Every structure is written in structure tokens, then in C-alpha cells.
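Student: Chains A, B and C, in that order, give the protein sequences. Sequence positions in the first sequence follow this note's numbering and run 1 to 299. Sequence positions in the second sequence follow this note's numbering and run 1 to 457. Sequence positions in the third sequence follow this note's numbering and run 1 to 267.
Keep in mind that the hints were calculated from the coordinates and are not lab data. This structure is a prediction, so every number in the text was calculated from the model and none was measured. Treat the hints with care, since some could be wrong.
Using C-beta positions, here's what the derived DEER-type ranges look like [what the hints assert, rightly or not]:
1. D196(A) <-> F91(C): 37 to 47 Å
2. G456(B) <-> L162(A): 48 to 58 Å
3. F43(A) <-> V6(C): 54 to 64 Å
4. L194(A) <-> M435(B): 26 to 36 Å
5. T269(B) <-> L244(C): 15 to 25 Å
Only pairs whose alpha carbons sit at most 25 Å apart, straight line, appear in this in silico SDA-like list of lysine to any residue [to be verified]:
6. K453(B) <-> D62(A)
7. K199(A) <-> G3(C)
8. K457(B) <-> L52(A)
9. K247(B) <-> S56(A)
10. K66(B) <-> E80(B)
11. K316(B) <-> W71(B)
12. K457(B) <-> F266(A)
13. K159(A) <-> V212(B)
14. K453(B) <-> V59(A)
15. K453(B) <-> L61(A)
16. K111(B) <-> G3(C)
17. K453(B) <-> G140(A)
18. K153(A) <-> Y268(B)
19. K66(B) <-> G3(C)
Glycine is no exception: its CB is placed at the ideal position from the N, C-alpha and C atoms.
The residues making up each chain are set out below.
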Amino acid sequence: MPSSRSSRKGLYLLSRYRLPYLLLLPAVVVLVVFLAWPLGSIFYFSLRETPLGGASIFVGLDNFALLLSENRFLNNLAASLRYLVGVLALSVPLAYLAAILVSSRLRGAGIFRTVFMLPWIIAPVVSSILFRTMVDPYSGPITAALEWLTGEKFLFLVKPDLAVLSIVVHSAWRSFPFEMLLIAAGLTAISPELYDSAKVDGAGAWSQFRYVTLPLTRNQLFVAVLLITIWTLQDAEGVYSLTQGGPGYVTEVAGVRLFKEAFIYFNIGIGSAIGVVLILLSILFMILYLRVIGAGESQ
Amino acid sequence: MGNRRLNRRQLLRIGTLGLAGLGLGACTGATATTAPAAEAPPAAAAEPVTIKWAHYFDPLQSPAQKFNFEWMERMASTFEADHPEVKIEPEYFDWDRIDDRAIMDFEAGIKHDVVFGSPQLMAKHFEVGDFIDLAPYMAGWSDEEKTDLAWSPVWASGSNGDVQIAVPTGVHTRSLAYRRDMFEAAGLDPDTPLTSLDECLAAAQALTTDDVYGLGMSFGPARGTIELYFGPLIWHFGGELWDPEAKEASFASEAGIQAANFIHDLVYTHKVTPESAIGGTYDDAILVAFLEGRLAMGWGFGSYWIVSLEEGGFVKGCFPATDACAVDTGGVMVTPTAPGAQFTNGWTLSVHALSEHPQEAFTFMEHLIKPDSLYDFPDAGLPARLSLWDRPEFQSDFYQTWLEAAGKGRPMPATVHYAELADTAAACLQEILVMEEPVEDTLTRFQDEYNSKYAGK
Amino acid sequence: MRGRDVLAWVGLVLIAVVVFFPIAWGIKTSLTAPLGTGRLSTPLLHLESYRYILSQPLFVVYLKNSLFVSLGAIATALPMAVMGGYALARFDFPGKRLSVLLLVLPLLPAIAVLVPLIVYMQRLGLYNTLYAVILANVVFNTPFAVWMVRGFFASIPYEIEEAATMDGCSRLGSLWRISIPLAAPGLIAVSIFVFINAWNNYLYAFAFTTSPDLAVLPQALLRFLGAWGTNYGGLTAAATLALLPPALFFLLFQKWFVMGMVAGTGK
């Protein structure tokens, strides 16, 4: 296509749709300059080695090869998946239950909707430290209660399984309010007649949930799961201030590894390569979820 | 629809909030922009030179910091009195980030003058070049003056050939703190120091009861795990954490295996060291546990904790040091590892490479390390100057034990990637302990992963 | 039906306990832990820790920095979100389908982008200023904000605006006089979302500032875990105080926040 024609077409579009383009311009400029461009740079940096106080050199895929050859990095990815599955498995059912309860016609249930949002309002670094002090072997109330119940001392940040449980419970606690809010938003949009007609058809509580509630909140559930997935995958500060990735590398999720490489060791190349892997993983999950919801819609 | 529209009162409320925000925004905005202005060189020659002093005493952290602040204020005001053309401006950085900030700010072009630093990270400072060589400024120093400061390993960390980028302000070393009353109760003589690991283990076993662990150590996810426990034990068994010739990690040696096994057995076989030490912080595992009576002996007890021994009533008249310093229910002994198998460090002072007034900065540094200035520097731990040790208040057995411990110490490996090395070795030890993985394979795996990235650097 | 109500109440209370327990533990610590780095709690309640925190001028500086960053992020992100959201809700134009990118971009891990952003901030002369922190918060919150506002405008019947246009309002005039007031709950929802995210964020300030007097509250809170042990009383007291602004903000406007989320994500 000759360029003059395309530019003329561009000008035509610009004059015809000037207002919406102008309205979108600030957001687009900010996002292109400060988000899209750095996203490109991360790919660039991942192919280079940038020593402190020196010029960077092109190293091809060396950073990726190094990472994939490491037991540690494979463990980082496994830890991230374990963390993600744990958080979703714990927070989504809890959020669903909470959403149904706060949207019910009970008097006063609405107050709980506000109360339940508290974990979302607290800074992750603060809740991490609170959780850490709660499971302290000598002064934590949770360890004290468990010791009283079982006669055993639970070393939450020492035993690998308990350390994973600690970061999962902490993150699920932080994540469930936002999920609840989204799901509750979907629930309020369902008209009560649908339940009434389901009841007329003889549907029990489970059938009502299965055939009315769940399908009609599917979009909200999708947004909730997607958001929490991405937030959990990239979480660094929550896990780092709780366990620093320990014991060993058991809770060193990819976000924590990235934080350590980029901000503690200044290994920009490796840090960027991990960033690229995280971005690709996020895109993979988005596609996966879109497929699932797409399949659900065509049913 | 109607209920969605805000009524007047609600709009007013939002408006007020917004205005309040603008007002606050305006005033904070102003303070935010004054920072770069302060960095600019003085416009008129009559204005004093400003020397920024980067320190790590968090003004918020705890009221106990007031001693450090009083010392800082006195240092600044006495210096300003002698040098009216210079103004001292303290600037705070997190204690575990101060070295990184000096490096990052050097790269970003942000200027500092006098900066506190850590010996373990001097190799990185040498590599980046964010601290100037002080040797030309010290040309006028007498040999006496130099040897007075150069006796501890802290000085050596800042040297590379003739280049000197840091000078010590104190000595942080560690010893084995122990409960004299518990020794007596267990039938042990509190006045006979333990001299070998075997003796130490036997004592720990005798001291362990239902409520008390015989020997406290700390293997948390922190540098202390390497600096105070795993590292010194590897040195004790004749190995090295890092090979300075090949410039690569070497902890997966016979000595490394012995050290890891020794630690593993303390926790799981002899059960004289609490398993909780693998997850907690160094302070909780050693200081707090010792003060609360949960430990009979605390390995890696820092010279910066002498104040706590005094406050806890374990020693009397030792902080601040007096010539009546005497032990009571607790005492310290030199860690029973082989000579040289012990870590000694301390805070150092350097001049930032972007300083516009290096001469004034150095003169201020000299003021800070004068014997009388260092003498009551609260965070010194122990005196950095050998001549100060001749004073009567340091002649007690208690302080002489600390001097012996400090002299026995050595610095951490001088690698640019010290942080990675220490964290790798700590994670390795933790995996060996909690996952019961084969010792030799695990050490080798972690060492190989480290060397595949950093060998030769 | 009675039994089901009881069950529902039991469920609500149980979840409330789970939600409240860590917070209650924090508040209890702030009232019982000794001021300083000791560990043993006293059975006596005292306000020493709060008195200490409030007597520190630096705490006020950190508080101001946090407010400046959070309100600055709202002031920057909200107008962009209103304009962009309105364009997406009310106009058809070529390339509109690309707006899906707005949904995707903020989902990419922010932590991965920080390293190159540090370099840009240095080149722009914004490094080590609170403006850099505001900008980062704007960048990572704007896409979702645009999407929420779009949903809000889309839920307002177009006829109302049309009527206004016929009465002589220009297109922008009707946006300003009719649509924005109608969409106010959505704008409040977006503001709360941005405020809370910015208020709690630690990484951006950590990455883009270096001067101690530019620290924000989450950074200041971590400082209580210091080289001389942890000051639990001070930490939990400061954390409790830091929780007040977002909690107040949320409590005042939570009704609209919930409505905003419903409209913003319903479609």
C-alpha cells in the first residue's frame, strides 16, 4: 500500500475520531512510555550481562540457559506453582462462601462485607510480620494454642511443609476479600426470580448453586481468579518479609528470586531473564483461563 | 438511578478530602524538591561547606538509639566548632542497605561524603569504585597511628595493596556467652574455659535440661548463619568457604561435610541446640533466648550485646566499661574453635567517590576516629584502637577475653559476590538440616550452582 | 429457615474471627509489648509505643510522604481514567479493540519492569523524587482504573446524555455536567482502589528513592526490624496508625466502592 494513501487514511481517521483519540491519548502515552517500553527493555536486558559499574555486553540466551540448568530455578517455578495453587484452593472457596453470606438477606450481613475487606487494606509487609510473630515458636499465639492442643511445638518457619502453609495462608488471607467483593458483585446482579423458578422446578440448594449461582457469577469468578493468579505469581514482598524464601529454597518463589537477583545482588541480566519467564507465565495463565471461560460459554 | 447521584453533603465531603490532599501535597512536594537543592554546591563562597554523613542509626527504631544520636551530635558540634567553614549533615540509611545505597547512588550520580560501611562488602566497593583511596590523605599519619588501627581484621578488609578505602570505628567480634550458675548446677567449673569442640559438646550435653538448651546457635535465612556458625566451623576443620586463588566457592570440601555434620548432630542427634534456630532470627535465637534463660551457652554472642549482659545482671560494671568490671551469673569465653576460625568485623568509615569536598570529608573522618571520639562511640562494640585497650577499664578478665576473641578473628572472603556466597551457603545448610538430604551431594550441588555463575569473580 | 440463618451467622462470625485475629494480635502487641527491642509482653496495657511514635517528627514526614504519593496517584490516574473510560464506553473508533491491552498490561508482573524503569527515572531526572513513586503507582493502576470507569459509563443510559446534548451542551459539556456526576460512585471506587494500592506499596518507593526523608510508611515500618533487634511495640503501633487513613477512607465510601466494583466488573 502506498504510504501517502495510508497516511491520508490516518489523517482522515484522526479528524473523524478526534475526540475519543484525544481522550485516550494521556493514558496511552503514559502506558506506552512507562509500561510497554520497559517491558521491551526487560527482554533486551535479559539477553545481556550488566556488570556493576561497567558497560553491558550481549550474551545471547546465556542467562536463560544458566537459569534452566539450575535446580534452584526449577524449584523457584515449582514453589510459585505450589504457592499459586494453594492460595487459589484456599481463598476462592472461602471468598465464595463469604460472598454468599454477605449478600444474603440476613439483617446486618452487609456490615461483614466491610469488615471482611480489612486484610486487603493492610500493607503486605505489615501482615507478613504479624503472621511471623503469630507463629513464633516461643511467643506466638498460634504456636502456643497448637502446643496446648497437641503437646507438640510447631516450627512453622523451619519445617518445609509448614513454611509453605504459612505463606499460602497469609496470601489467601490477603486475597480473599477482593475475590469476595467481585463474586458478591456478581451475586447481587442475579434476580431472585431465577431462584424462585428453580425452586418451583424442585432444585435443591446444591442444584440452585450449580445451575443458577455458579453460571451467573462465572465472569466475576474469572476476573477474580485471573487477578489473584497474577498477583500471587508476582508477589515478592509478602513472601520475602515472611520467610525470605527459607528454609533453604523451599518458599523461594520466582518473585522472591527476582527481587533478590535484581535488588540485593544487582544481577540485572539474570533478574531480567526471570522477569521474562514471569511475563510469559502470566500470559500463559491468561490464555489458559480465557480458553476455560470460552469453553464454558460455548456450552 | 436517583440513589446513585450524590447529594450535596456527600459531594462536600469528597471535596474537602480532595482539598486537604492538595494542601498536604503542596507542602510535601516542597520538602521533596528541596533535597536536590541541598546537594548543589554552595552559591556564595562565604557559605559553609556541607559534609553529609551517611549513618545507620534509625531515629525511629527504638529509644535506645539515643546514645548513638547523642554521640553523633557531639561529634558534629565539636567538629563544627573547630571548623566553622564546615557544616555536618547526617543522613540515615537502613543498616543492611547502607553499602548498597552507596553503590547504587554512585551509579545514579547521587553524592555523599562520609559513609559508614561493612567490611564484608569492601570487595564490591573496590570493584565499583564508589569509595575513594584514603592512602594519599593518610600520608601524614605516623606508623604508630596506622598500627594502632590496623591490628584488627577490619582494617585489612579495606586494604588492597597500597589502596585503603575504609578505616575501622569499632570491633564486632563474638564469643561463647555462658551461664555460670547453670555450669555450677551441672557440676561444671565455670572458671575453666572450654578449649575444644569435644569439650564444648560434652558441656552442652551436661547443661541441657527439659527447659534449657545447652548450646544456642542460629541457622536462619541470614548472613549470620555463615559468618558466625557454618563459616567458622568450616575454617575450624581446615577448609575454606571460598578459594581466593581460584576465586570460587569451596565449601563442599571434607571440612564442609564435617562442619555440616557437626551442626546436624547438635540439633538432631545430641539435641543440645534447638531446632527453632533454623527458622528464626539471630537476635531471637541467641540474645533473646540467652536473656530469657532458655540457653546455657550462646555461640556467636556479639560484642555489641555487652550492654544487654549488663542490663540482664549477668555482669556488673562492664557497660560502660569500668575497672570494677566483674562477672556474676554469666560470662564469656573465647569460642573453642581453632585459632583463626572465627569472624571479626566492625563498622568502617569511608569517603564517597562523588564527594565534592573529599579533603573536608577526610578531616571529619579523622575527627571521628580520634581516640577520645572512638572511646565512647556506643556502637563500637569494642575499641578499634589497640592503644585504648591499655586503659584500666579494659584490664578485667571479661574484656581481655573479648580482646583475645577479636584478635583470633578473620574477615569474610573478599569476593565481589559475597552476598550471593553467604546466602547460597546458608540455604544449603538449611536444606541439609530440614530436608535430611545427603550432606555431600547437597553441598556439591549448591557449590556448583554458585560457581557456574560466579567462579573467577 | 431459622436453622439456615443460624448456620449463616456462624459462618459469618467464623470468617470474621479469621479476618480479625491477626489484626487483633497486632493491636494487642502495640499495647502490651515493651517499648524497645525486648520481647516479653507485660499484662499491663500501656500507650508508651504510641506516644513514642507520635513524638517522632520523622513519622509525620513518612505519613506526609505516603499521603502525597497516594493522593498524587489519584489526582493523576483519575482524570486519565475518566477520559479513557469515557472514550471506550461512548465511542466507536478504529483500533478500539486494542483496548483489550489495557486489561492485559497491568496483569504483567510489575516487579519485572522495575529495573528498566529505574534507568528511565534516572534519565528523566525523576529518580529519588516522590514524583517517580507517584508515576509508578499511576502506571500500574491506570489500566484497571480505565476499565472500571468504562464499565461505569457504559451502565449509564446514553439517552440522558443525548437529552443534555439537545439542550445545548457540547459533548464534553455533557460529560462534565451529566455523566461524571452520575458516575461519581464509580470514580470513588477507582480512587479507593488507587489509594489503597499506593498506600500499601513498598516496592516502588524502595526502587525509585534513596533519600531517607523520602521514605513512605511501609518502608518506615520495616525499619523497626533493625540491627539491634525488633521493636515490636513500635512496629505494631506504627502499623496500627498507618492502617487508619485507608480504613477511614474505605469506611466512609465503602458503599460506593462496592457499587463501583459491581458496575465496573459486571460487564
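Student: Now tell me, hint by hint, if it's right for this structure.
Tutor: Tested hints:
| no. | hint | verdict |
| --- | --- | --- |
| 1 | D196(A) <-> F91(C): 37 to 47 Å | 40 Å, holds |
| 2 | G456(B) <-> L162(A): 48 to 58 Å | 39 Å, violated |
| 3 | F43(A) <-> V6(C): 54 to 64 Å | 57 Å, holds |
| 4 | L194(A) <-> M435(B): 26 to 36 Å | 52 Å, violated |
| 5 | T269(B) <-> L244(C): 15 to 25 Å | 51 Å, violated |
| 6 | K453(B) <-> D62(A) | 11 Å, holds |
| 7 | K199(A) <-> G3(C) | 19 Å, holds |
| 8 | K457(B) <-> L52(A) | 12 Å, holds |
| 9 | K247(B) <-> S56(A) | 22 Å, holds |
| 10 | K66(B) <-> E80(B) | 21 Å, holds |
| 11 | K316(B) <-> W71(B) | 24 Å, holds |
| 12 | K457(B) <-> F266(A) | 14 Å, holds |
| 13 | K159(A) <-> V212(B) | 22 Å, holds |
| 14 | K453(B) <-> V59(A) | 13 Å, holds |
| 15 | K453(B) <-> L61(A) | 14 Å, holds |
| 16 | K111(B) <-> G3(C) | 70 Å, violated |
| 17 | K453(B) <-> G140(A) | 40 Å, violated |
| 18 | K153(A) <-> Y268(B) | 15 Å, holds |
| 19 | K66(B) <-> G3(C) | 61 Å, violated |
Checked against the numbered hints given earlier, the structure breaks hints 2, 4, 5, 16, 17, 19 and satisfies all the rest.
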